[in-house]
Amino acid sequence: MITVDNLTKRFGPFTAVDSLSFTVKPGEVLGFLGPNGAGKSTTMKMITGFLAPTSGQVTVYGHNTLDDSLKAREIMGYLPEGAPSYGDMTPLKFLRFIGEVRGFRGAELTRRVQSVVDALQLESVLNQTIETLSKGFKRRVGLAQAIIHDPKVLVLDEPTDGLDPNQKHEVRKLIQNLSKDKIVIVSTHILEEVTAVCTRAMIIAGGKLLVDDTPQALEARSRFHGAIRLELTHAEGALQQLQVLDGVKSVESSENGLSLTVFPEAGVSLFLSINDLLQKNNWEVHEFHVERGKLDDVFRTITREGEVNE
Amino acid sequence: MNNFTVVLKRELASYFATPLAYVFIVIFLMLTGVFTFFLGGFFENGQADLWAFFNFHPWLYLFLVPALSMRLWSEERKSGTIELLMTLPISLRDMVVGKFLAAWLFTGIALLLTFPLWMTVNYLGDPDNGAIMAGYLGSWMMSGAFLAIGSCISAATKNQVIAFILTAVVCFLFVMSGFNLVQEWFTGWALDWVVDAIAALSFLTHFNAIAKGVLDLRDVLYFMVIIIGWLVATAIVLDMKKAD
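Which chain is which? The protein sequence lines are E and R, in order. Under numbering that gives the first Met the number 0, the first residue of the first sequence is numbered 0, with each subsequent residue one higher. Under numbering that gives the first Met the number 0, the first residue of the second sequence is numbered 0, with each subsequent residue one higher.
Do not rely on the hints blindly, as some may be mistaken.
Restraint ranges, calculated between C-beta atoms of paired labels, are given here [claimed, not checked]:
1. E:Arg299 x R:Thr17: 29 to 35 Å
2. R:Leu91 x E:Gly26: 45 to 51 Å
3. E:Ser18 x R:Lys77: 31 to 37 Å
4. E:Asp180 x R:Val219: 42 to 48 Å
5. R:Ile24 x E:Asn126: 23 to 29 Å
6. R:Asn158 x E:Gly105: 38 to 44 Å
7. R:Phe171 x E:Thr53: 35 to 41 Å
Please keep in mind that the hints were generated in silico from the structure rather than gathered at the bench. In this text the structure is predicted, and so the values were computed from the model without any measurement. No residue lacks a Cβ here, since even glycine has one placed at the ideal position from N, Cα and C.
Using the sequences and the hints, build the whole thing.
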């Protein structure tokens with residue numbers, strides 16, 4: 000369990016993190032969302048004990064990250080932003096070094112290193128110096144060192160940055176498999192990632208917590224949530240008939256009128272009634288799609304509101 | 000094996016993973032040769048000792064040791080690995096001491112590789128090997144003091160060039176304060192104890208005594224105090240400004 004209590008960090012006159020409070024329970028995958036400079040990385044640096052907060056405190060399974068820092072660091076794995084590692088070392092030597100620091104020796108050390116090498120598919124580059132590796136491999140070496148001791152708490156600052164779509168998928172799968180009884184905190188500005196891996200999402204802007212909810216609930220905040228998109232071959236009368244349908248709040252149509260988006264009243268499902276209407280009129284449908292909600296839409300609305308309120 | 004040896008091992012291995020170690024050792028050996036035989040007049044002295052060799056070590060260290068110490072922490076800052084290192088379960092003391100000892104052992108290795116000189120002087124004459132041992136020990140202690148100063152300055156900046164120059168300047172002050180020129184400049188108008196204090200602070204005063212074969216515990220203690228003092232300062236600097 001992680002408790003963040005009134006966490007504040009100021010750099011001179013600039014407030015990077017502004018009295019942030021929350022708790023994270025085992026099994027949760029918490030996603031930090033926010034524009035650049037929102038305070039995500041600073042918050043993570045304070046959780047991992049790298050930065051001392053200006054005020055407030057963080058406790059990780061009862062260990063304060065300031066007074067009891069070593070104990071807290073032992074149970075955490077951390078991938079810093081940009082995945083820094085020693086460029087003149089090979090991944091094998093680097094991972095063995097991290098493993099030794101984590102207290103593993105001999106056969107156990109070899110086993111641990113091998114298991115993360117397998118998990119992140121590093122076999123092919125094990126004996127090449129890290130500075131010669133591609134961005135994707137560097138990131139995976141960084142992830143490997145973070146999970147080598149099977150930590151209770153995993154803090155990952157933009158873990159999929161610089162990876163190709165296949166690698167992103169692999170990393171997300173890895174996070175999902177890890178997260179059964181662990182606390183995982185991930186920061187990202189890729190919104191699809193939040194729906195893919197997180198059980199909880201926090202939107203931070205200007206150092207303040209704006210929203211703390213499940214990704215599904217966030218999607219439901221979108222005006223597109225439950226909206227139905229239609230592509231028709233003939234448009235005659237469709238717009239008028241849809242507009243008067245029960246539960247329809249509004250209808251937006253493209254210029255030629257063939258592509259329509261029907262927005263429902265709050266809490267109403269339009270699937271059946273529109274389906275009936277289509278069959279009754281015998282309209283030919285190219286596409287029929289129920290929107291789950293657009294996260295980036297929600298993200299923009301919330302972070303803009305945050306700016307206005309300042 | 001605790002974390003301090005893990006850090007030491009990684010650090011020492013990293014010297015040899017790059018050309019740095021080999022360049023340093025080759026230059027060091029060449030320069031000690033040049034200084035000893037040409038500037039020091041090893042043969043002309045006609046004495047079976049290594050005074051001509053040790054005499055130039057302070058000046059040699061003045062620009063070679065900062066080149067070694069500048070990367071200790073600056074590089075970690077520059078590449079961002081400081082964030083990785085400081086969030087690993089290693090105490091600050093283990094990090095500072097581990098890194099310093101790696102560099103110190105490295106200068107020890109370079110120093111030991113000058114053994115052909117020792118063999119030469121033993122072949123040519125009948126030197127006081129105890130005095131030579133003391134000279135080596137004194138030289139190594141002095142290199143540790145240079146390194147500890149460099150470690151602290153390196154911890155304060157992410158720019159290795161700045162670390163190099165500042166370390167060289169601070170070390171220069173520590174060496175010069177025992178030089179006759181400086182001493183003469185102070186004598187006459189400054190109080191006697193001030194002049195003595197400035198001289199006592201100098202690397203030269205303490206090193207010369209050891210290099211001549213007089214192994215006084217106070218001189219060894221002096222270097223130990225300098226080393227520990229600057230390492231404590233390193234830890235304080237790191238703790239104060241981890242992130243920037």
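Evaluated hints:
1. At about 47 Å, the CB distance of arginine 299 of chain E to threonine 17 of chain R disagrees with the hint of 29 to 35 Å.
2. Between leucine 91 of chain R and glycine 26 of chain E the beta carbon distance is about 33 Å. The supplied range of 45 to 51 Å is therefore violated.
3. Distance hint check for serine 18 of chain E and lysine 77 of chain R: the Cβ-Cβ separation is about 33 Å, which falls inside the suggested range of 31 to 37 Å.
4. Restraint check, aspartate 180 of chain E to valine 219 of chain R: a C-beta distance of roughly 55 Å breaks the suggested window 42 to 48 Å.
5. Range check, isoleucine 24 of chain R to asparagine 126 of chain E: about 25 Å between beta-carbon atoms, so the 23 to 29 Å window is met.
6. The hint said 38 to 44 Å for the Cβ distance between asparagine 158 of chain R and glycine 105 of chain E, and at roughly 41 Å that hint holds.
7. Checking the proposed 35 to 41 Å range against phenylalanine 171 of chain R and threonine 53 of chain E shows it holds: the Cβ atoms sit about 39 Å from each other.
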